[in-house]
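Peer 1: Spelled out, the chains give:
There are 2 protein chains.
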Amino acid sequence: MSMAMNDSFDHIGEVLRNAETIAIAGHVRPDGDAIGSIVALGHSLMLAGKKVRILSEDKVPLNLAFLPEVGLVEQPPESIENLDVAVALDTAVKDRLGDNVNRVFAGAKVLVNMDHHGTNPRYGHLNYIEMTSPATGQIIFDFLKSQGLPMDAVVRDHLYTAISTDTGSFQFSSTTAHTHRIIAEMMEAGSQFWELCQKLYNTFPLRRLLLQKALLNEMKLSAGNRIASWAMSHELQSEIGTQPGDTEGLIDMLRGIDGVISPVIFEEMADGRVRVSVRSKDERLDVSKVCLVFGGGGHRMASGARMAGPLAVAEQRFLEALEDEIKRIG
Amino acid sequence: MSMAMNDSFDHIGEVLRNAETIAIAGHVRPDGDAIGSIVALGHSLMLAGKKVRILSEDKVPLNLAFLPEVGLVEQPPESIENLDVAVALDTAVKDRLGDNVNRVFAGAKVLVNMDHHGTNPRYGHLNYIEMTSPATGQIIFDFLKSQGLPMDAVVRDHLYTAISTDTGSFQFSSTTAHTHRIIAEMMEAGSQFWELCQKLYNTFPLRRLLLQKALLNEMKLSAGNRIASWAMSHELQSEIGTQPGDTEGLIDMLRGIDGVISPVIFEEMADGRVRVSVRSKDERLDVSKVCLVFGGGGHRMASGARMAGPLAVAEQRFLEALEDEIKRIG
Ligand SMILES: [Mn+2]
Ligand SMILES: [Mn+2]
Chain F
1 MSMAMNDSFD HIGEVLRNAE TIAIAGHVRP DGDAIGSIVA LGHSLMLAGK KVRILSEDKV
61 PLNLAFLPEV GLVEQPPESI ENLDVAVALD TAVKDRLGDN VNRVFAGAKV LVNMDHHGTN
121 PRYGHLNYIE MTSPATGQII FDFLKSQGLP MDAVVRDHLY TAISTDTGSF QFSSTTAHTH
181 RIIAEMMEAG SQFWELCQKL YNTFPLRRLL LQKALLNEMK LSAGNRIASW AMSHELQSEI
241 GTQPGDTEGL IDMLRGIDGV ISPVIFEEMA DGRVRVSVRS KDERLDVSKV CLVFGGGGHR
301 MASGARMAGP LAVAEQRFLE ALEDEIKRIG
Chain D
1 MSMAMNDSFD HIGEVLRNAE TIAIAGHVRP DGDAIGSIVA LGHSLMLAGK KVRILSEDKV
61 PLNLAFLPEV GLVEQPPESI ENLDVAVALD TAVKDRLGDN VNRVFAGAKV LVNMDHHGTN
121 PRYGHLNYIE MTSPATGQII FDFLKSQGLP MDAVVRDHLY TAISTDTGSF QFSSTTAHTH
181 RIIAEMMEAG SQFWELCQKL YNTFPLRRLL LQKALLNEMK LSAGNRIASW AMSHELQSEI
241 GTQPGDTEGL IDMLRGIDGV ISPVIFEEMA DGRVRVSVRS KDERLDVSKV CLVFGGGGHR
301 MASGARMAGP LAVAEQRFLE ALEDEIKRIG
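In order, the protein sequence lines correspond to chains F and D.
Quick note: the first sequence, position 181, residue 181 per this note's numbering, numbers continuous.
Quick note: the second sequence, position 19, residue 19 per this note's numbering, numbers continuous.
Honestly, I wouldn't trust all of these hints.
Any copy will do: because identical chains look the same in the list, a pair fits if it lies in one copy or spans two.
To be verified - Okay, derived cross-link-like pairs now, BS3-like style, lysine-lysine, Cα gap no bigger than 25 Å in a straight line:
no., residue 1, residue 2
1, Lys199, Lys220
2, Lys50, Lys289
3, Lys199, Lys213
4, Lys51, Lys327
5, Lys281, Lys213
6, Lys59, Lys213
7, Lys281, Lys199
8, Lys327, Lys213
9, Lys94, Lys281
10, Lys109, Lys220
11, Lys59, Lys199
12, Lys289, Lys59
13, Lys327, Lys50
14, Lys281, Lys145
15, Lys281, Lys51
16, Lys109, Lys327
It is worth saying that the hints were derived from the structure and are not from the lab.
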């Protein structure tokens with residue numbers, strides 16, 4: 001089989017139908033697409049009578065803890081007896097499943113790999129990689145439908161969560177006409193998603209506002225207002241009691257400012273090192289080049305690096321390099 | 001004809017086809033649905049060869065000024081010669097067209113009224129009121145399609161803007177399966193909406209962040225953290241140079257806080273009076289009752305009032321009344 005070919009939904013469906021015990025997992029530090037995809041597929045296969053274990057190396061983040069049947073997600077056991085099939089979802093490289101999930105998955109007879117990251121090296125025995133899909137959840141919808149697998153309200157809520165979060169509520173360029181038709185179909189099947197949206201997008205802990213407040217009070221504009229940056233100290237995070245997920249999307253507050261072409265957040269970690277996240281809004285500015293200088297990397301428009309502290313020094317060194325790069329493009 | 005019956009799209013279409021000169025307007029202080037609907041219908045009728053004037057009592061807000069062909073929107077002239085048909089869109093009561101628009105519209109032979117507000121008293125000669133539609137833009141899509149009227153990229157961008165803004169990017173409970181199918185159809189016709197979304201949702205003036213910063217620094221929690229409120233002084237607004245649209249949605253920052261059931265914003269106006277906006281997140285709390293005490297009103301879950309200043313006194317009086325009402329529900 002060619003490395004670039006997808007196995008068919010029918011083939012993957014057959015393997016799952018023939019299995020008795022199935023384990024499913026997504027990537028470490030799971031997001032809405034990872035949790036939504038593993039619970040949707042897992043719950044559907046349970047309804048179809050399979051013994052299913054839904055695993056996640058890291059806990060379900062607090063902002064997704066309200067989702068129905070999300071209690072099915074468990075941290076990996078030592079091993080699972082008679083594991084017929086392991087399914088990796090939304091996980092671009094095998095390592096990102098996490099060590100404990102990989103240990104369990106090593107005992108499976110077959111590994112299925114379904115994902116929408118174009119860089120996925122097809123590490124499964126069976127692979128379905130579709131990079132034109134904005135979310136793994138969209139692939140799972142198509143798969144369940146093609147195989148006539150059960151899609152109840154719980155499955156639909158998780159598919160919606162997967163698709164909606166990975167498309168920024170249908171705003172990202174990855175959104176397709178098919179994406180909207182899937183949502184229409186799930187609504188016609190009886191789902192309403194507004195309460196889910198309220199909880200996903202319009203409910204947050206006070207901690208989140210305290211972080212935003214610190215960002216707004218401490219942010220700096222430089223390079224003629226083309227860079228907007230914030231250095232988030234570890235002390236602040238301790239004071240606020242920051243939880244995983246709290247800082248997600250904070251960079252968008254800087255990103256959205258009219259005239260800013262490069263927002264940056266410096267996050268001081270517990271060990272004193274500094275995690276840098278940087279974005280570009282200008283096709284000519286390649287922020288991965290700046291990150292490369294500090295041993296990081298990523299994409300042209302979104303990159304990161306980890307630098308030695310102290311925070312203020314890392315901030316200054318990185319901003320100088322970024323400013324030079326901005327001057328270079330004119 | 002019964003007051004509760006809609007005139008058919010065919011009837012309205014016939015009237016427009018038979019017209020030579022048509023004027024179209026939405027409500028004062030126009031939002032995305034108003035601008036999107038009037039430009040979409042107006043541009044389509046222009047493509048169909050009609051003389052069309054697209055009017056708005058108030059200017060297009062800055063956050064919508066990037067929209068294609070939005071320069072077609074003009075402030076009302078003294079009158080329009082030989083005006084055959086006037087079309088009011090997204091305007092629940094005739095007064096809300098504005099005095100100058102109403103003066104122009106008074107010269108029209110026929111007034112058409114298309115809207116999605118259930119309370120619309122059907123003030124047109126021809127009326128099409130569909131309260132199950134989440135946006136007037138959704139009605140306009142169905143109308144144009146049913147009548148085979150032109151729908152080019154400009155029309156589609158405006159319909160998307162109308163529908164997306166009035167549904168909170170497809171998150172509100174008013175969103176229907178049909179809504180998603182319309183977006184799918186417009187994408188299949190060749191539109192991509194991500195750049196539009198970037199400009200609509202992820203671009204804002206620095207002023208906006210300065211307002212958010214003031215809100216976060218000055219907000220107060222009361223009633224056991226069930227009320228989150230902010231008093232926005234006129235001085236602050238002058239300092240920042242607030243423009244129409246800048247304050248829109250600020251209340252959602254308070255609304256989203258976990259545990260808060262009633263967010264309130266007090267806005268000191270130029271004349272010293274205070275505009276109160278209040279929301280309820282708890283079905284048992286009817287905020288319109290509290291507003292009624294101060295001569296205001298609205299809906300159970302979203303109300304407003306205008307109070308005498310000074311700001312601090314209005315704030316205290318209103319919060320006391322709101323707290324009493326919250327205690328009453330327990
Ligand atoms: Mn994904
Ligand atoms: Mn509307």
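Peer 1: To test your reading of the hints: which numbers does this structure violate?
Peer 2: Of the numbered hints, 2, 4, 6, 8, 9, 10, 12, 13, 14, 15 and 16 do not hold.
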